[in-house]
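S.K.: Starting from the given sequences, assemble the full structure and let the hints guide the process.
Heads up: the protein sequence lines correspond to chains E and D, in order.
In terms of my numbering, the first sequence opens at residue 1 and continues consecutively.
In terms of my numbering, the second sequence opens at residue 1001 and continues consecutively.
I should point out that these hints are in silico values taken from the structure, not numbers from a laboratory.
Small disclaimer: the values here were computed from a predicted structure and weren't measured.
C-beta: ideal position from N, C-alpha, C; glycine also.
Careful, some of the hints might be misleading.
[As the list claims (entries may be wrong)] Residues from chain E that keep clear of chain D, each with C-beta distances beyond 12 Å, as calculated:
{"hint": "1", "residue": "Asp-104"}
{"hint": "2", "residue": "Arg-177"}
{"hint": "3", "residue": "Leu-183"}
{"hint": "4", "residue": "Trp-217"}
{"hint": "5", "residue": "Val-224"}
{"hint": "6", "residue": "Leu-245"}
{"hint": "7", "residue": "Met-283"}
{"hint": "8", "residue": "Lys-296"}
{"hint": "9", "residue": "Glu-313"}
{"hint": "10", "residue": "Leu-354"}
[Stated by the list, open to error] Among the chain D residues that face chain E by a calculated CB cut under 10 Å, a handful are:
{"hint": "11", "residue": "Pro-1038"}
{"hint": "12", "residue": "Asn-1043"}
{"hint": "13", "residue": "Asp-1084"}
{"hint": "14", "residue": "Gly-1087"}
{"hint": "15", "residue": "Ile-1089"}
{"hint": "16", "residue": "Ile-1132"}
[Stated by the list, open to error] Restraint ranges, calculated between C-beta atoms of paired labels, are given here:
{"hint": "17", "chain 1": "D", "residue 1": "Ser-1029", "chain 2": "E", "residue 2": "Ser-13", "range": "37 to 45 Å"}
{"hint": "18", "chain 1": "D", "residue 1": "Asn-1115", "chain 2": "E", "residue 2": "Pro-182", "range": "28 to 36 Å"}
{"hint": "19", "chain 1": "E", "residue 1": "Leu-30", "chain 2": "D", "residue 2": "Glu-1050", "range": "40 to 48 Å"}
{"hint": "20", "chain 1": "E", "residue 1": "Pro-182", "chain 2": "D", "residue 2": "Lys-1005", "range": "34 to 42 Å"}
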Amino acid sequence: MVNDLKIAGTRKSLGKSLLYTLPMFLITFLFITGGRPNFSDPSSAIAVLTAFLLVNVLYFLMHFTGKTDRYRAVLFIIFALSLSYTLIHNMLEVRNSMSFSQADILECKIPFCHLVIPMMILPAVFTKSIIFPGSILNGFANISTMIVLWLVATLVLGRGFCSWGCFYGGWDDGFSRFGKKPLIKRIDGLWKWMPFAVLMMVMLTAALSMMPTYCSWICPFKAVTEFEQVTSVESATKAGIFLSLFGGLVIALPIMTKKRTQCSFLCPLGAINTLSNKITPFMIKIDKNACNECFKCVETCPLYALTRDDIKEGKVSMFCSKCGKCVDACSKNAIHYGIKGVPAGTLKNFSRNLFLFVSFLFMAIFSAGSIIASFQGLLKLIF
Amino acid sequence: MKKIKIIAGISWAFFGLILIIILFPGLNSYSVSVSKLPFMKLNPRYSGGEIAKRIVTDRCTLDIRKPVFNGFIKERNNGFVQLDWRGNISELINDSIDYDQDGIKDFNISVDRKNSKTVLNPINSKVKDVIISTRTSYGWAVRVGIKKQL
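M.R.: Set out below in structure tokens:
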């Protein structure tokens, strides 16, 4: 009964859902197929068509069922898996190994990822240069393109980038969905400030050593992308740290807590994105008149962004990544997508529709390339 | 005031929508614009530094780059000089290098490409050791550690 009440607020009829999906269908058709689908290579055509259908079916279901997080997570997790698959596949094909060599570093051929951005800031200000062995403009994942993508997404989505744009977040999001109940129920909320400490530490150490220290020493996702060739005790230690952090923060703790622990307790870029939540137009709002203080939203929030006090005060903290899990959990439709300046409880559907279009469009186009490449790889493996 | 806030918020949200829609078609041109920003160049610690001297022979080219001592606030005492051999390089490289361009050779370096063995014979006491010696897509590269001051 209560679920019916909630769903009635956001779900749409079949016709309306199709109508809302039409703009997404047309825009993704243009970007994913390039406007001119190429059927000369069957495996490529099937991969493109599958990716195109996948994103549009998921977007349609968001409108038709009124659920957000469930379908966002499907694409988000596929994005993370496919990016890792594509990267590893390329590395194995080109280098016969998942590790990059000294030559790759010397020739500045390392793909740039958004997690480097916090470490670039101080050296860019003081030395007017970038401390990363990547390409400024050319090649796969070059520095300029990745900065533009992150900057625009962060400006528009704020920390929403962490749930709608980050190609690593799907890993711990996925593992946090294993099991029905959390084995560890309580972790002190103070830990959510840890990424700020990590941010300060990596910014300072990167500036002093002129080296992206987080990537060189801490990043758990090196375990599923690429890492330095193990040729010494130092590189072996680094590989050990990457694997341990991946195992602990991305696999074990998310399964035990049902929370995104890497994103909550470690990611330094998450800390910057958290601050950007202050300027983004989209936010999660609490309609205090509708809220019955069941605190299901607090329990389900994967990033420790909601507390009971927040709910009582009717505000959502800046740690929110707008994943929509709390929105899906609320039986009263009291917690909802909103727009800055618009009072809570008003323009609920309008705000949700606008946010979903913006955030899903970004994720769909950003993820399409790697999803297509991994589908193609899978097709080649099967046939 | 409330109405102004609502209008401003919705306008900002629509501006966000437009930003995302125009982001991907214009991504290449935005990236080019960003790449032209003053800080968008690789630190010499990664690029290897500017080419100070190019020695061209019949078979290959040797680029001797400027010594790199770049630090965060000030220059460091320890740095490196990068040497790049390009073209049709022989299996055994043997060169004498004057990295500081003072007319006096600073070190001899020999690289056995087949066995990936590099031997450095310092002449100048500022020359320390071989940091990296590796095959590259264009030939071979070596970074030799050097001191700034004695």
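S.K.: If a hint holds in the structure, say so; if it doesn't, say that too.
M.R.: Evaluated hints:
The claim that Asp-104 (chain E) is not at the interface with chain D is violated, since a C-beta of that chain comes within 12 Å of its own (minimum 9 Å). Listed as a non-interface residue, Arg-177 (chain E) keeps its Cβ farther than 12 Å from every Cβ of chain D; the least gap is roughly 27 Å. With 12 Å as the threshold on Cβ separation, the claim that Leu-183 (chain E) sits away from chain D holds: the shortest Cβ distance comes to roughly 39 Å. No beta-carbon of chain D is positioned within 12 Å of the beta-carbon of Trp-217 (chain E); the least distance is around 17 Å.
The Cβ of Val-224 (chain E) sits about 24 Å from the closest Cβ of chain D, beyond the 12 Å cut-off, so the non-interface label holds. Every CB of chain D lies more than 12 Å from the CB of Leu-245 (chain E), the least distance being 25 Å, so the non-interface label holds. Not every CB of chain D is more than 12 Å from the CB of Met-283 (chain E) (nearest about 10 Å), against its label as outside the interface. Interface exclusion of Lys-296 (chain E) from chain D stands, the closest Cβ pair being 27 Å apart, more than 12 Å.
The non-interface label for Glu-313 (chain E) is consistent with chain D: the shortest C-beta to C-beta separation is roughly 19 Å, beyond 12 Å. Not every Cβ of chain D is farther than 12 Å from the Cβ of Leu-354 (chain E); the closest lies at roughly 6 Å, contradicting the non-interface assignment. Taking 10 Å as the C-beta cut-off, the interface hint given for Pro-1038 (chain D) holds, the closest approach to chain E being about 6 Å. Residue-level restraint check for Asn-1043 (chain D) holds (minimum Cβ-Cβ distance to chain E is 4 Å; threshold 10 Å).
Using the Cβ-Cβ criterion of 10 Å, the hint placing Asp-1084 (chain D) at the interface with chain E is satisfied: the shortest such distance is roughly 9 Å. Interface restraint check: Gly-1087 (chain D) against chain E, minimum CB-CB distance 16 Å, threshold 10 Å, status violated. Checking Ile-1089 (chain D) against chain E by beta carbon gives a least distance of about 14 Å; that is not within 10 Å, so the hint is violated. Given hint, Ile-1132 (chain D) at the interface with chain E, holds; its Cβ is 5 Å from that chain's nearest Cβ, closer than 10 Å.
Here the CB-CB span from Ser-1029 (chain D) to Ser-13 (chain E) is close to 41 Å, well matched to the stated 37 to 45 Å. Hint check: Asn-1115 (chain D) to Pro-182 (chain E), Cβ distance near 56 Å, so the stated range 28 to 36 Å is violated. The beta-carbon spacing between Leu-30 (chain E) and Glu-1050 (chain D), approximately 43 Å, falls within the hinted interval of 40 to 48 Å. Distance hint for Pro-182 (chain E) and Lys-1005 (chain D): a CB-CB separation of about 39 Å, consistent with the stated range 34 to 42 Å.
In summary, the numbered hints that this structure violates are 1, 7, 10, 14, 15, 18.
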